[in-house]
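Engineer: Sequence:
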Amino acid sequence: MTLDECLRTEAVQRLQNAEMDVAFFRSSLSEPKQLVTHSLLVEPMLVALPSEHVLALRGGALSLKALADETFIVYARQLGSTFYDATIAACLKAGFSPRLGQEAPRITSALSLVAAGFGISIVPASMQRMNMDGVSYCPLKGAPHANAELTLASRRSEPSVVVRNFLSLTRRAAKDFEQPNRSHS
Numbered sequence: 001m002t003l004d005e006c007l008r009t010e011a012v013q014r015l016q017n018a019e020m021d022v023a024f025f026r027s028s029l030s031e032p033k034q035l036v037t038h039s040l041l042v043e044p045m046l047v048a049l050p051s052e053h054v055l056a057l058r059g060g061a062l063s064l065k066a067l068a069d070e071t072f073i074v075y076a077r078q079l080g081s082t083f084y085d086a087t088i089a090a091c092l093k094a095g096f097s098p099r100l101g102q103e104a105p106r107i108t109s110a111l112s113l114v115a116a117g118f119g120i121s122i123v124p125a126s127m128q129r130m131n132m133d134g135v136s137y138c139p140l141k142g143a144p145h146a147n148a149e150l151t152l153a154s155r156r157s158e159p160s161v162v163v164r165n166f167l168s169l170t171r172r173a174a175k176d177f178e179q180p181n182r183s184h185s
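Anchor point for the sequence shown: position 180 equals 180 in my numbering, and the numbering is continuous, going up by one each time.
Hint data in this document are derived by calculation from the structure and do not stem from the laboratory.
Watch out, some of these pointers could steer you wrong.
[Claimed, not checked] Using 30 Å as the maximum straight-line C-alpha spacing, the simulated DSS-like pairs for lysine-lysine come out as follows:
(1) LYS141 / LYS93
(2) LYS33 / LYS65
(3) LYS33 / LYS141
(4) LYS65 / LYS93
Model, not experiment: these values are computed from the prediction.
Model the full assembly from the supplied sequences, consistent with the hints where possible.
Structural biologist: Structure (structure tokens):
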């Protein structure tokens with residue numbers, strides 16, 4: 001198995017051209033005819049703040065409205081980022097239009113900009129496992145806030161038994177992963 005990271009458009013093209021067997025996407029995918037997708041899990045978003053930010057030092061869950069005066073580091077619009085759309089929509093529902101700062105092509109780039117003090121970013125909750133100097137994570141409380149979806153895509157008529165087994169195991173693991181989270185809700 002070889003892991004590779006690429007942007008959404010490139011991943012879809014590589015799947016279609018049989019240059020890649022499966023791809024994970026951080027959003028739903030309107031699937032081209034020759035691809036099939038499976039939603040693996042949906043997780044809440046949280047806010048990444050510079051560690052010395054007053055809201056980070058205070059600790060605890062934050063309402064989205066409490067972030068109205070902040071500069072948001074967002075994922076690049078031209079990359080078709082559903083995180084960008086979800087962040088904007090959630091802020092508008094909370095009653096404010098976010099002040100947009102730097103655009104980043106990847107979540108890790110956004111976190112580096114947060115650590116450098118350029119603003120805050122709304123990220124999937126699983127990103128809090130990434131310990132990065134200068135970044136603190138706070139959950140979002142109340143509505144509205146966004147969720148992050150993890151989707152698996154492959155070719156519709158996959159001939160490889162190995163790939164089909166990988167798909168099956170991955171979907172089963174995602175179901176097992178979700179079960180404990182559901183019992184605590």
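Engineer: Determine for every hint whether it applies to the structure shown.
Structural biologist: Status of each hint after checking the structure:
no., hint, result
1, LYS141 / LYS93, "holds, 14 Å"
2, LYS33 / LYS65, "violated, 41 Å"
3, LYS33 / LYS141, "violated, 39 Å"
4, LYS65 / LYS93, "holds, 9 Å"
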